[in-house]
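**Student:** Letter by letter, the chains look like this.
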Amino acid sequence: MSFFAAFVLSVALPGTEDPEQRAWTIQAERVYTGTGRNLEKGLVVVSAGKISAVTPGAGDDGERPRDRLSVYAVTAGFVDIGVRVTNWYSVEQSKEVTPHLRVADTLDPFALDWDRQLRNGVTTVLVSPADRNVIGGLSVALKTAGPESISARTLRADAVLRGSMGSEPSSGNHPAFGRPTDFYSRRPTTRMGVEWEWRNAFFTAAEKRDTKDAGTATLIAALQGKMPIFIQAWTTQDIRTAVFLREEVESRPEFQGMNTPRFVIDAGAEAWKEPQLLARSKTAVVLPPFPASARTRENSLMAWNVAKVLEDAGVPFALSGHGSGDVSDRLAIQAGYAMAGGIGFESALAAVTSTPAMLIGVDARVGTLEVGKDADLVLWSGEPFQPGTRVVATIVDGVLRYEGWNAVRGAEIAR
Amino acid sequence: MHTNVGQAALVLLAGTASAQDATLPARETLLVRAEHVLVSPGRVLDGAQVLVRDGRIVAVGTDLEAPEGARVVEGRWVCAGFIDPWSALGVGGDALSEVNATAATRSIDGFDPFNLDHLRREALRAGVTSARVQLGPQARIGGQGAVVRLVPGLAPEEAIVSDASNLWMTAGLSLPSGQQFVETADGVQMVSGDRAQDPFDRAESVERIVAALQSGKNYLIAQNEHRHELEDWKKKVAEKDAELDKEFKKAKKDREKAQKEATEKDKKFEEKKFKDEKKPQAPRFDEDNEVIARAVDGRLPLFVGVERAAEIRSLLAGTESLGRVRLVIAGGSEAGFQASQLAERRIPVMVWPTPLGRSRPDELEAHDLSLAGRLASHGVTVLLGSGGRDPAATRDLPLLAGLAIAHGLSRDDAIEALTIGAARALDVADRIGTVEAGKDADLLVLDGPPLESTSTVRFTIASGRVVVTPEN
Amino acid sequence: MIHNLLAFAAAALPSVAPLAPAATRLASSDAPLAIRARSVWTGTKVLENAIVVVEDGRIRAVGTEVEIPDGAEVLEHEGVLTAGMIALHGTAGAVGETRDSTRPAMPEARMGIPVDGRSADFAPLWNAGITSLLVTPDSSGITSGTTALVRTADGKVLRDPAHLSLVFSNEGLSSNREPTSRSGALALLNELFKKSSGVVADAKSGKLTCLFEVRERDDVLRAIAFAKDRKLSGALHGAWLSGELSEPIRDSGLFVIVPALGVGTPKRALDAVVRLEKDGVVFGFGLDAPWNHPDLLRLSAALCVRAGLDSQAAWRGLTANAAKISGVEARIGRIERGLEADLVLWSGDPLDLATRAEVVITAGKALTVERPNQNGAKESK
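Protein chains in written order, with the working numbering: chain L, 1 to 415; chain B, 1001 to 1472; chain D, 2001 to 2381.
Okay, chain L solo, but in the shape it has when bound (with noise of 0.2 Å):
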């Protein structure tokens, strides 16, 4: 099998063409669901927004009805759960636990950044605020494409709630030496300021349990398990104080009543280092993008077999791509350099679909090419995770959102 096989999309030029077309018959080489049964020359049928069939087949030779597409590989679309807003009025400052503060609020649907997730084959995100506060708000899960509103492509408002170790919410506070000069001369400063921001509100809230404030309700909601508490640690130590804050709660007795949380570490780069601590505290981890070189942000250190490590202990892990512009952040090269590292198609696949879904909680819609699930697709050019493979065209709810541009509409070029 020719990897870099290249087959193009064709489509048969109707007189018109109806640009919110729901309803597809794709027809593919690779039919990979992501459920582990694959299907070579397949047939992925999509009516309503909807995913309606997933049959082996090669489809009606006789026509060429105007909504068939026939390409090598299908897979479901990308979900990446680590995509932060950079920009600096994504998170209120003027605190720094603002639990219950939406990044939804903040969001543009006309940005020019959606774009760009639907070239690299992304459908869904889960967007969170910036980590300059201790405990950031809540991020939202979205849809890539669709109406200009940001409620109309919300797959789940509220889903997680954002936090962050480390070193990156003490950034831009200072010391109040003498006369405190804004609101920046204030903790944390330190790491350590940091941690105690977290058991503060953990125990504040513990303590008052006072619902009225919208604060506290999101965090006892947030620690009695309704939505996970994504927390952002890269390096070891604060990978370690992430699990050993949710061993203490779930310890104590000040937190009857609100002692179930479910902590998902985001970017952890040295998770590779703790699997054991992880495992047997059943922590998932998203893992941010590969670096050029072993370092990353918080100077710390990502082994290329992260992802099989954590496989091995039995973690549960995803791949993210941060939203970034670069080339090498895709998460279908992400998920190539995931296998690099030792781990096999299916598992690189599910790190990329299935698993960041069920993380957030929208697997019954999205994650999976099966039947009933949202219509969200990636038509690829060849192997969906090597390099000179294209997304040749993205289907987000059964509407077709992104065409690559070198697809020729109404011919088809050889192999």
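Misleading hints may appear alongside valid ones.
Unchecked claim - Taking lysine to any residue and the SDA-like style, the derived pairs with C-alpha atoms no more than 25 Å apart in a straight line are:
(1) Lys-2267(D) <-> Ala-1126(B)
(2) Lys-2228(D) <-> Asp-158(L)
(3) Lys-2267(D) <-> Asn-1472(B)
(4) Lys-2267(D) <-> Pro-1025(B)
Quick caveat, the hints were computed from the structure, so don't treat them as lab data.
Since the structure of chain L is provided, determine the placement of chains B and D on it from the hints.
**Tutor:** Leaving out everything else, chains B and D in the frame of chain L:
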């Protein structure tokens, strides 16, 4: 899998860079018919026609017929295409923040026929067919400007009306610091962070201009002297040559005799060396002074960007002895104080009638829209430009002209400023600016009198090509 | 005294020196004033050779068959007679007083208080035919207070408060003062709207409309969502491209104030304004006086007309609809019997920038606009 060659539609664009854009309308033979043709300010022909061939106006009259194969274009009014003598549309954006230009710098070197073509099309639709562009408009010396046609994709021969239309200098303007053009999703915006000069710097800047002109004048004088000396030397050499020729035979005999004697007497024979007179040395070539000399000599108009009365006064005083300089004041917010002198010395003022309010750069008060009218009423020749900083402003030059009219400029003066007035000041009056035979075919066909709000441009013809029609 | 203004011909003719020496005000008499104009734009229709009768600062009659009352002064006007323009955003008369960044929420700050009726900012406005200006607070924090509608000829405050200003653009955010983020701003707004007294309560109950300061299209969407949620009415100001969201805006019932459009405004922004009209959104124009020259108001409209906006629709945006947006449509903005007399006599088509205002009738007086002097130095005002 089926092949559908018949239905194939290639999405790939083959970007071949050719000298001429494939989408450029062709040059046609045109007969333009109108109820009124504004030939030049003050001359209107009723029921007239204009015949255009090969990019030129061939004939203007009242009984012309369409030759075979000609395209007929009809309208109510025809006039010459508008010229923006102070535009930023035509050279690349970076060139406009150039501060290190010298007199020898040529704006035409930055010419880009495809730059901002959507803005050019909007300008053509508004009736502006050509523009003077200038590198370094806020530099002390900005080099030589150029007049270009705004049609996107024209080959340089057709696009360039004048490759060196003027020399540009400024006196007393704020120095640009961080002025840049920012392309946003909504278009191009100019972001300015100007720094004003202090009064001593401002006074010095005029002195600098006068000094530069003087040095150019000296260079010119030196060149002229050299020319005369060279002629004299050549004459002397010719005379000597003639003398030599006359005595050649005798000299030959003498020489032969001397040679014979030498060999007989065994003496050394010395050739008579003829002492050559030294050829006069040309003055050292200075590329900047070459250009300034042309300005001093009146062969290249000199545009000076200056706003304040004090600097204008010094400039006028400093250039009084340089009688041949063809000075044009650009900006001239306070030129009203010198209006009579400007009128007497026939120095035009190029006005930027912009509706800006307070806190403009150069620390002047709100811009006075009545400047053009006031100067014109004193007999000063007024030109109207779009400011030379924002490329998108050229499109709105007719609207700015409207503002000037509302505040006192006569409509006829405005039309003259936008057509033959600008052409004359830029020495391109032999090519554009009026609807007369022999000139380039840059014409507007309107549905009403030019510069009236109810009139719209229906057709724009540039270099004999119909670039704007009611359909496109 | 009968003034014959036939000499002030349409702008197509060369300028002529005035027959009478230029005076800033005509003698204000108690007699009614009848103006016969070649064209009268009432705000709903255009009448040719119509007469408008003004008495006691109010419009007594308008039409083509109107009888001129006895003892009335008669003004013959060769040009166009319209209602005075209303500029919907600015700080003239209150420069330096529109921003108080000590707190993010100052809803009770009223622009009607610092406005100085004798400010030199106003004369250029009425001289350009702008008879009223909506003075607006800066976009700082989540609200810097309420707007006020001011009559430019005498500085009289016509409506105060006119709107509660609510900031949805990034201008309200700060890097060193709450709120630093849009989510924080929204949380503060929700907190603010818990109040049960003052201007916030009036806004909630519908007694007071709101001015939503926006910039980008997503700001517009957020403002519409907030307005719908709280059942607020009002106008969106500041987004050049709000026309691209004309359908959701129309469905929300909100109006639009087009920000001042200058020379070189991109075509996309002008097309957006044309779309507002096409999709039935009520809009007016802002000026941001004194930072912009008063003529920029008509320039904004002229740019849109050149891009395809119907000229009467543009004129309504400057007059009748502007009055509606300011909540004073029962008083000014149209030439209709019973409304206050805020009128402008133009030398020609007012959307032609070559036209100038010649006489402005407002505040019970008829004011002559100074002509740009043709003979010698300009007389100072």
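**Student:** Against each hint, give a clear statement of whether it holds in the structure.
**Tutor:** Each hint, compared with the structure:
no., hint, result
1, Lys-2267(D) <-> Ala-1126(B), "holds (12 Å)"
2, Lys-2228(D) <-> Asp-158(L), "holds (21 Å)"
3, Lys-2267(D) <-> Asn-1472(B), "holds (15 Å)"
4, Lys-2267(D) <-> Pro-1025(B), "holds (23 Å)"
Checked against the numbered hints given earlier, this structure breaks none of them.
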